[in-house]
Amino acid sequence: MSFGKGHHLHLVDGSAFIFRAYHALPPLTRKSDGLPVGAVSGFVNMIWKMIEDNKGPDAPTHAAVVFDKGSHTFRNDMYDKYKANRDEMPEDLRPQIPLTREATRAFNLACLEQEGFEADDIIATLACRAREAGGRVTIISSDKDLMQLVGGGVEMYDAMKNARIDADGVRDKFGVDPERVVDVQALAGDSVDNIPGAPGIGIKTAALLINEFGTLEDLLARTDEVPQPKRRQTLIDNADQIRLSKRLVQLDCDMDLDYDLDSLEVKEPIADDLLGFLTDMEFRTIVKRVSDGLGVDAPVITDTTPQGSDPVDDAKQVAFPDAYDWVKVTDTLKDWIARAHARGYVAVDTETTSLNEMQALLVGVSLCIDPGEACYIPLGHKENAEADLFATDALAEGQIPFDEAMALLKPLLEDPSVMKILQNAKYDCKVLARLGVQVAPVDDTMLMSYAMNAGLHGHGMDTLSERYLGHAPIPIKELIGSGKSQITFDKVNVEKAVKYAAEDADITLRLWHLFKPQLHRSKVTTVYETLERPLIPVLARMEMAGVQVDRDVLSRMSGAFAQKMAGLEDEIRELAGADFKVSSPKQLGEILFDKLGLPGGKKTKTGAYQTGADILEDLATEHELPGLILDWRQVSKLKSTYTDALQDHIDLETGRVHTSYSIAGANTGRLASTDPNLQNIPIRTEEGRRIREAFVAPQGRTLVALDYSQIELRILAHIAGIDELKQAFKDGQDIHALTASEMFDVPLDEMTPEIRRKAKAINFGVIYGISGFGLARNLRIPRDEAQGFIDRYFERFPGIRAYMDETVKFAKDHGFVQTLFGRRINTPDINAKGPGAGFAKRAAINAPIQGTAADVIRRAMIRMEDAIADLPATMLLQVHDELLFEVDEGSEDALIAAAREVMEGASLPAVHLSVPLEVDAGQGANWAQAH
DNA sequence: GTACTCACG
DNA sequence: GACGTACGTGAGTACG
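Mapping of the first sequence onto our numbering: position 28 corresponds to residue 28, and the numbering continues sequentially without gaps.
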């Protein structure tokens, strides 16, 4: 009998089920092999519950579970930014997607998906057909995009809230009848799906307009009748965008489907199929429940755990062996690789000749699959290596030829179904990338620790091993020595190398077993998945790209600086009346305070006089010497740290400078740049700024810099909820001038630079956890005056003080603070007594602000590569609130537009800031011009 | 190896 | 009542 009156169709939004299950549940893994199955388990539970709940007279006669397929749909062809700000699917969810299809079929339910269409379109087409045939439909989903289908026998059911949604429910939500929902959505837009809509019009206004004009088409045809001038203009200006939005939200009710409603008739699950699947998944509880429900005996799930015990326990309890496997022949290597494939994960570590990844040569690879069982595959060890006298270029015995081994390892390292577990993965990924191996997918124990333990301790392997495994790894010094006599790893005796290298892989695997379940318990899985791990390949590519630095420019500046220093030194010695080392603060202090008897003379804790810039500036009014010292120091700093040291960092092969970013270096989530540090290139003084002229674009290219304007103050305004500040940012006002005006009762048009400067210092102070002492020192004013400013500021902006108090209280209660994106920064000293207390408090106040800004730019960087993929552009550097790019001449504007859009929308959809993020852009032949 | 100083956001 | 502080980094130099 064909589908019609009296029939009831259930349509389940399967993809939504999966995401809900994934995010609601801990990251369960299959015990026998560690396969992630948490989302599958949640999905199965939801389907089973749905079946159980829908027995009885109103039971569905027909049913289907509908899924999205692929990420590119016909909507992307209409609008390339459709759903563009969706975060990427978490790595451990990806392998579960096919399993949910399998689960659906195991339930004997129709499993529907179609390339190029969203689940919503299939649901729409089927719902419309069922309605036309005179039957009833229940759509099991809470997605508001499906509400346009409600009515005429079609209802929705929100399985989480246990609530049915009928036409009245839709009217409650959208303020219009279901058939007009698309009109409202087209006007209001949707930041989650990146539907543009009309700026400034939300659901409320949209419903008002639609109810007044009838339909969207009528409204757009009669915009001249809209009474509010601003609203009218918005509608006129954005008419095309609104029409596009409507086409984006309008579901396709008329898809070509190669099946009909009758084929969706409900069939009882076949016990063997269903229980077979559930047993395979090792879902003990569900197997029991389903068996009871079906009235059959529950099958036994045999325990097939690798060593018959829990990997978390093994990680800590299995002893570290005295010897590991030295892989000498390809058969042994093949055996290890087969084991890794069978297990689905493997810990990997590489040994190389250098800490600099751009120069490091691969010397060997170690693998580990079970605690205590690891191997080392030596590839580039030299013969007679340790005795310099006999060192030759000949390779040591017992090694597989390099290319042969790499040909075997590459497929494993690139296999999407085998998780590679590394400590500080970026390093190994870069070394291997230079050999043409793109390691993926990757888990990084260092980043797992960082996500959970930032602020508690470092995240290097030695620290983690001692802390969490109670085992001190073999120090690298024992193999390569230290200082002048240090050797490279290729000269290390292979026997010793096996012990050391395999142990590192063993430790990494054990840490992973410990950390993986903890990640979820600490509620930082999302942080790890969205802010830490995806950054590894992004930074690796930026570092390998490097930035071109003009050696001649630096060299010329060095010469000029040397001359200037020599001249200053002569003057300094003359004024001092003595010969001394100008670079020695100790000697300088004695000259200033003992010999010349200048006033002041504070001592450091080691008993030497302080000679910092602030002290010398104060003394400059007393004597000529301090000023000259300051000049000398500035030039000396520029020469030694920049014009000289930077030249040594130019890579001879690429002719460029390749920094290294540490992802887990700064507690707040900021990156840190080392070897060289390219995040502290001078800019504040004119002379220093010229160093940036040495950072150049190659022939035919341009440097483009984009930086967030006032991002930390904006975030503070959002977090603390300060309406005046939020409004000022929305209106594009000068925030420091506004603060000054509010505090000192000076109208904006009478603002002086001096008053504004004070307000600016206060604004920065607020971000740092202001204190009277600190502000006084910064502004060089008496302390009580500074305290007066602060008091007035808090009087004017009471919300800021409330934020500070709440943050400190949160830190005291929980032992950590959080960013808007859930990043956790531990505050172990927050309850300390004594001088440390103030320090910890200020750090706790600052961390959520600095950390949220760091999260925002991380999100932008992760999305940036896709966003500029079609442009001849490369992302090169990050300087906390700035990104530097290189782009072919002629494409500058396209790059700026694309990058700005990513940066300004980087918080979405996870966090909707109540202040706009603004990005300034510049371009030029060198970094000085681009800024 | 530690202390001091100074470059950046 | 005194203490000692702006938040977060990395690197070069002196000095023991």
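Hints are computed from structural coordinates only; laboratory data are not their basis. Every residue gets a Cβ at the ideal spot worked out from N, C-alpha and C, and that includes glycine. Heads up, a few of these hints could be off.
[To be verified] Derived pair list, reagent style BS3-like, types lysine-lysine, alpha-carbon separation capped at 27 Å:
hint: 1; residue 1: K523; residue 2: K564
hint: 2; residue 1: K267; residue 2: K246
hint: 3; residue 1: K161; residue 2: K230
hint: 4; residue 1: K496; residue 2: K564
hint: 5; residue 1: K230; residue 2: K637
hint: 6; residue 1: K288; residue 2: K69
[Stated by the list, open to error] Computed beta-carbon distance windows for the label pairs:
hint: 7; residue 1: R101; residue 2: D254; range: 32 to 42 Å
hint: 8; residue 1: R780; residue 2: D80; range: 46 to 56 Å
hint: 9; residue 1: P321; residue 2: P416; range: 54 to 64 Å
hint: 10; residue 1: R689; residue 2: F764; range: 53 to 63 Å
hint: 11; residue 1: H912; residue 2: E179; range: 25 to 35 Å
hint: 12; residue 1: R780; residue 2: P416; range: 54 to 64 Å
hint: 13; residue 1: R101; residue 2: I476; range: 42 to 52 Å
hint: 14; residue 1: P698; residue 2: P599; range: 17 to 27 Å
hint: 15; residue 1: R101; residue 2: Q438; range: 40 to 50 Å
hint: 16; residue 1: D280; residue 2: D335; range: 22 to 32 Å
Here's how the hints hold up against the structure:
1. K523 with K564: 56 Å, violated
2. K267 with K246: The given pair, whose Cα atoms are some 38 Å apart, is violated under the 27 Å limit.
3. K161 with K230: 39 Å, violated
4. K496 with K564: 52 Å, violated
5. K230 with K637: 55 Å, violated
6. K288 with K69: The hint is violated at about 32 Å.
7. R101 with D254: 32 to 42 Å: Since R101 and D254 have Cβ atoms about 25 Å apart, the given range 32 to 42 Å is violated.
8. R780 with D80: 46 to 56 Å: 53 Å, holds
9. P321 with P416: 54 to 64 Å: Roughly 31 Å apart at Cβ, these two residues miss the hinted range, so it is violated.
10. R689 with F764: 53 to 63 Å: Between R689 and F764, where Cβ atoms are some 21 Å apart, the hint is violated.
11. H912 with E179: 25 to 35 Å: 29 Å, holds
12. R780 with P416: 54 to 64 Å: Holds, since R780 and P416 (Cβ atoms, about 60 Å apart) stay within the stated range.
13. R101 with I476: 42 to 52 Å: Taking Cβ atoms as reference, R101 and I476 lie about 48 Å apart, which means the hint holds.
14. P698 with P599: 17 to 27 Å: 54 Å, violated
15. R101 with Q438: 40 to 50 Å: Given a distance of about 28 Å, which is not inside 40 to 50 Å, the answer is violated.
16. D280 with D335: 22 to 32 Å: 26 Å, holds
Consistency with the previously given hints fails for numbers 1, 2, 3, 4, 5, 6, 7, 9, 10, 14, 15, ordered from lowest to highest.
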